[in-house]
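Asker: Read top to bottom, the protein sequences are chains A and Z. The first sequence begins at 1 in the numbering used here and counts up one residue at a time. The second sequence begins at 366 in the numbering used here and counts up one residue at a time.
It cannot be assumed that every hint is accurate.
[As the list claims (entries may be wrong)] Listed next, the in silico DSBU-like pairs over lysine-lysine satisfying Cα-Cα at most 35 Å (straight line):
#1 Z/Lys-436 / Z/Lys-402
#2 Z/Lys-655 / A/Lys-237
#3 Z/Lys-783 / A/Lys-136
#4 Z/Lys-835 / Z/Lys-772
#5 Z/Lys-436 / Z/Lys-783
#6 Z/Lys-604 / Z/Lys-402
#7 Z/Lys-662 / Z/Lys-628
#8 Z/Lys-402 / Z/Lys-568
#9 Z/Lys-628 / Z/Lys-835
#10 Z/Lys-439 / A/Lys-237
#11 Z/Lys-580 / Z/Lys-568
#12 Z/Lys-754 / Z/Lys-772
#13 Z/Lys-662 / A/Lys-237
#14 Z/Lys-783 / Z/Lys-772
#15 Z/Lys-772 / Z/Lys-662
#16 Z/Lys-772 / Z/Lys-402
#17 Z/Lys-783 / A/Lys-237
#18 A/Lys-136 / Z/Lys-655
#19 Z/Lys-492 / Z/Lys-580
#20 Z/Lys-835 / Z/Lys-655
#21 Z/Lys-888 / A/Lys-237
#22 Z/Lys-568 / Z/Lys-539
#23 Z/Lys-754 / A/Lys-136
#24 Z/Lys-439 / Z/Lys-604
#25 Z/Lys-888 / Z/Lys-580
#26 A/Lys-237 / Z/Lys-835
#27 Z/Lys-604 / Z/Lys-539
#28 Z/Lys-568 / Z/Lys-628
#29 A/Lys-237 / Z/Lys-604
#30 Z/Lys-604 / Z/Lys-436
[What the hints assert, rightly or not] Which chain Z residues stay away from chain A? Per the calculated CB distances, all over 10 Å, these:
#31 Asp-456
#32 Val-472
#33 Val-482
#34 Pro-515
#35 Glu-565
#36 Val-618
#37 Val-651
#38 His-720
#39 Met-732
#40 Tyr-734
None of these hints come from the bench; they were simulated from the model. Glycine residues also receive a C-beta, built at the ideal position from the N, C-alpha and C atoms.
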Amino acid sequence: MKKTLPAWADVVLIPAINVFLAFFVAGLVVIFIGEDPIRAMQIMINGSLGSSYGFGYTLYYATSFVFTGLAVAVAFHASIFNIGGEGQAGVAGIGVAIVCLSLDQTHWLLTLPLAVIAAAMFGAAWAAIPAYLQAKRGSHIVITTIMFNYIAAALLVYVLNQVFKVPGSMSPESRRFGEGAQIPRLDQMADWIGIELSRSPANISVFLALLAAFGVWVLIWRTRLGYEIRAFGFSDKAAVYAGISPVRIIMITMLISGALAGLMAINTVMGDLRRLNLDSVLGAGFVGIAVALMGRSHPVGVILAALLFGVLYQGGAELAFEIPAIPSQMILTIQALVILFTGSLENMVRFPVERLFLRFNRGRA
Amino acid sequence: MTVVEDNLKGRPEAAPDATAIELTGISKSFGPVQANKDISMKVQRGTIHGIVGENGAGKSTLMSILYGFYKADKGEIRIGGTPTQINNSDDAIRAGIGMVHQHFMLVQPFTVLENVVLGAEDGAMLKPSLAKARTLLTELAREYELEVDPDAVVGDLAVGFQQRVEILKALYRKADILILDEPTGVLTPAEADHLFRILEGLKREGKTIILITHKLREIMAITDTVSVMRQGEMTATVKTADTSPTELAELMVGRKVLLRIEKSPPNIGETLMEIRGLRVRDPDGVERLKGIDLDLKAGEILGVAGVAGNGQSALLEVLGGITAASGGTVTMNGRALDLSAQADAGERRDHGIAHVPEDRHRLGLIMPYSAWENACFGYHDRAEYSSPKGFLRRTFMRDDAREKIEKYDVRPANCDLKASNFSGGNQQKIVIAREIESNPDILLIGQPTRGVDIGAIEFIHNQIVALRDKGKAVLLVSVELEEILALSDRIVVMFDGAISGERLPQDTDENELGLLMAGIDPKEGPQ
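Just need the whole structure built from these sequences, with the hints factored in.
Answerer: Here it is, written out as structure tokens:
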């Protein structure tokens, strides 16, 4: 009775229809603005996928979204809604900056692993407080993580102004990291093996993101902890019956989630900005929620959804540049539509598709 | 009160006003599952008509079609002789059909009066409707023994009274046909008797009553006619007076069923568990257990009877390590159990206490997990199921699940199927297989056969007896007195968080236990 759809339709067809619908409605909006939606689409695709330069940017954005998407996805498996990715990544940036500013006289092979540890620890620490409040005090984690996003933003401004600001400078940012804290960009790495790519901010973190996705898959589906996390997510009462401690699951899951969100600071702070300023997260924490929703909390889905949002970000920037009549907020509109169609309105597509498959199967039987 | 046995296909010879409901050729499918296959049924006005069948036989679907929750794929509904389209519950109410659901549809903080009027108000202002309802309620109370305080808050009423409010709701909406879905599941024997008197009274007034139940005793006691459903089909409609429980059970299951359990006399050994002064307070500060003293001996089945909500669940949960005690001690083999909030269910399992919870949906199984993931749930941290590094031993988990599925005859025998895709009886078999195969010294088992079909009940009972014959102790909690009487070697009755009496099954009967369940010890006289 439950299995009405083959797996491929569930995983590929329905999300594809949802994305198509989102773009279709976005196209209508473009028509209302008085521009040609086909041309807009071409600009977006070309701008994000059409050149190694554009694709580099797409990959750079996608890398951040994979981290924040995985963070939300892991928490989702325990039925915890971690909306704090934004704050956790922001605070993680401070950790990355501390490591980079102290060790940038050495080599990136030393700085990177330490920065990774710092990013994970700072992100996890920022998630730990809401997790503790939820586990021990029952404070709703959606509320507390949102509040912690604001606290993180304030903390970042304070740290930048009081600790990291270069004396005499007017802008709230740290000094530029030295040579020893600069991780290789993808174009530099390609150069090592003799391939020429245009310069873009995509960097070695791409591989870190893939590694993290694989790690999440192993954790959720192959380990005892993942089994317990999912069991708790499906039924907290049953978990207690089975001797699984809710406090332990909430704490560990949120620490992992916060650590994953924190890792995105490697991509932005260390990989691109090469200093700490106020631009290290820029909403990627929130995009992670959409990415996890669309990716159905599966690491492969998260990677694909992160790529889609990477395309939206990079393509959207190109679009705003090429057609000034289309404001950059258009990207937010499309994003909102994608979330609307993949999240809230999913059943609108699912039911007709299921019925279609049912009729088709009955016709064959 | 004539009965239609032969002309199920609805020949129009009966006087139109004598037939309250006539269903012809009702079919309904959910995807590939056909829940109702070409069902025809006639119910005479002013009779009580029982519908029996195992879980999943299609009783609820049929009634949901009649009440407008589902639309039949095929077939015709005639109410009082006129073909009637019932697309939603409003249509059903207009056609004079009222339904008393298994789980009451009442607004707990509203008064009885407000609940009765809700959805059937006469205008924008409440006062006239309430006044009208008050008069009607007084009349109904007099006529049918349906006394309820109109101004009582529903949440404060006992379940028996809440059920009366449901019936009043239906009557207030001028229902001529009343459908009751498993109405006695939550009632004491005395409350059930009262309900039956109410139903008899309604029948005398010419109301038609359809009673859905799986308790054959009730069917025999109160119905005029009975229809048996099996696997979506209506296999028989007979006069109750012409049939017997054994015959009905056979019709339901499709084969001969043993209604009595064959078991040898117990071989009772030493005391395994000593419970002294056990108290439990729930988070709201209500005392659920008020000082329980109990000994559990090897080789016995100790039955705990009681109306749901009198502390039996709290007893299972505190012994199973799910909730903490607020006082008292429990010793097992001379060692005290940790009853504080620090202890968890895993610790109890390490002590050799297995627990089949009352609510397998919410506690015993993870519904989206496959059978193999469920088959070691709670024992998953043992060395055979996961490595010291924390990885699951998936191959072993599946082999282990397959073995349990075969040994306990779980159907379909597919360990990759999700728990939610098994029937109630087979879900329960998965839980019981897991807990018994962990080789416990003590098995806590709550409502072992709730929502389980007759065929599986027999199997589950035999497993419980087999465990006891191996010299293990079983603490059996059940609201089914028949089950308690049939299985137990010793019976305690719980009332209001305390033990109200202890009996041996051979020295007692349902009446005496029923009184104890209401807090009255017949040997001491009413308190």
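Asker: Hints first: check each against the structure and report whether it holds.
Answerer: Each hint, compared with the structure:
Distance check on the hinted pair: Z/Lys-436 and Z/Lys-402 sit about 14 Å apart at the alpha-carbon level, within 35 Å; holds. Under the criterion of a C-alpha separation no larger than 35 Å, the hint pairing Z/Lys-655 with A/Lys-237 is consistent with the structure, at around 24 Å. The suggested pairing of Z/Lys-783 with A/Lys-136 holds, with an alpha-carbon distance near 32 Å, which does not exceed 35 Å. At roughly 17 Å between alpha-carbon atoms, Z/Lys-835 and Z/Lys-772 fall within 35 Å of each other, so this suggested pair holds.
With a C-alpha separation of about 28 Å, the suggested pair Z/Lys-436 and Z/Lys-783 falls inside the 35 Å cut-off, and the hint holds. Annotation: proposed proximity of Z/Lys-604 to Z/Lys-402 holds, straight-line Cα distance about 22 Å (limit 35 Å). As the CA atoms of Z/Lys-662 and Z/Lys-628 are separated by approximately 18 Å, the hinted pair is consistent with the 35 Å bound. At most 35 Å may separate the alpha-carbon atoms for a hinted pair to count; Z/Lys-402 and Z/Lys-568 meet this at roughly 30 Å.
Our distance criterion of 35 Å between C-alpha atoms is met by Z/Lys-628 and Z/Lys-835, whose separation comes to about 13 Å. Distance restraint check for Z/Lys-439 and A/Lys-237: the Cα-Cα separation of roughly 41 Å exceeds the 35 Å cut-off, and the hinted pair is therefore not satisfied. A distance of roughly 20 Å separates the Cα atoms of Z/Lys-580 and Z/Lys-568; the hinted pair therefore holds under the 35 Å criterion. Annotation: proposed proximity of Z/Lys-754 to Z/Lys-772 holds, straight-line Cα distance about 31 Å (limit 35 Å).
Between Z/Lys-662 and A/Lys-237 the CA atoms are separated by roughly 30 Å; this keeps the pair inside 35 Å, and the hint holds. A threshold of 35 Å between alpha carbons decides the hint, and for Z/Lys-783 with Z/Lys-772 the separation of about 19 Å falls inside it, so the pair holds. Among the hinted pairs, Z/Lys-772 with Z/Lys-662 is consistent with the structure: their alpha-carbon atoms are about 27 Å apart, no more than 35 Å. Restraint check: the Cα-Cα separation between Z/Lys-772 and Z/Lys-402 comes to about 33 Å, which is no more than 35 Å; the hinted pair holds.
Between Z/Lys-783 and A/Lys-237 the alpha-carbon distance is near 19 Å, which keeps this suggested pair within the 35 Å criterion. A hinted pair counts as satisfied when its Cα atoms are at most 35 Å apart, and A/Lys-136 with Z/Lys-655 qualifies at roughly 28 Å. For the given pair, Z/Lys-492 sits about 42 Å from Z/Lys-580 by alpha-carbon distance, which is inconsistent with the 35 Å threshold. Proximity of Z/Lys-835 to Z/Lys-655 is assessed by CA-CA distance (about 32 Å); at most 35 Å being required, the pair is judged to hold.
Between Z/Lys-888 and A/Lys-237 the alpha-carbon distance is near 41 Å, which puts this suggested pair outside the 35 Å criterion. For the proposed pair Z/Lys-568 and Z/Lys-539, the alpha carbon gap of about 14 Å is at most 35 Å, so the pair holds. Between the alpha carbons of Z/Lys-754 and A/Lys-136 the distance comes to roughly 28 Å, so the proposed pair stays at or under 35 Å and holds. Note on Z/Lys-439 and Z/Lys-604: the hinted pairing holds, with a Cα-Cα distance of about 27 Å set against a maximum of 35 Å.
For the proposed pair Z/Lys-888 and Z/Lys-580, the alpha carbon gap of about 29 Å is at most 35 Å, so the pair holds. Proximity of A/Lys-237 to Z/Lys-835 is assessed by CA-CA distance (about 31 Å); at most 35 Å being required, the pair is judged to hold. For a cut-off of 35 Å, the pair hint linking Z/Lys-604 to Z/Lys-539 stands: about 28 Å separates their Cα positions. For a cut-off of 35 Å, the pair hint linking Z/Lys-568 to Z/Lys-628 is broken: about 42 Å separates their Cα positions.
Distance restraint check for A/Lys-237 and Z/Lys-604: the Cα-Cα separation of roughly 45 Å exceeds the 35 Å cut-off, and the hinted pair is therefore not satisfied. About 29 Å separates the Cα atoms of Z/Lys-604 and Z/Lys-436, which keeps this hinted pair within 35 Å; it holds. The claim that Z/Asp-456 is not at the interface with chain A holds, since no C-beta of that chain comes within 10 Å of its own (minimum 24 Å). Every beta carbon of chain A lies more than 10 Å from that of Z/Val-472, the smallest distance being close to 25 Å; the non-interface claim holds.
A cut-off of 10 Å between C-beta atoms confirms that Z/Val-482 is not in contact with chain A; the least separation is 35 Å. With 10 Å as the threshold on Cβ separation, the claim that Z/Pro-515 sits away from chain A holds: the shortest Cβ distance comes to roughly 37 Å. Chain A leaves Z/Glu-565 outside its interface by the beta-carbon criterion, the shortest separation being 39 Å against a cut-off of 10 Å. For Z/Val-618, the non-interface assignment is confirmed: its Cβ lies about 23 Å from the closest Cβ of chain A, beyond the 10 Å cut-off.
Distance check on Z/Val-651: its Cβ is at least 19 Å (rounded) from any Cβ of chain A, clearing the 10 Å threshold; non-interface status holds. The Cβ of Z/His-720 sits about 7 Å from the closest Cβ of chain A, inside the 10 Å cut-off, so the non-interface label is violated. Here Z/Met-732 does not stay apart from chain A, with its beta-carbon only about 7 Å from theirs, under the 10 Å limit. Some Cβ of chain A comes within 10 Å of the Cβ of Z/Tyr-734; the nearest lies about 7 Å off, and the non-interface call is violated.
Of the numbered hints stated above, those contradicted by the structure are hints 10, 19, 21, 28, 29, 38, 39, 40, listed in ascending order.
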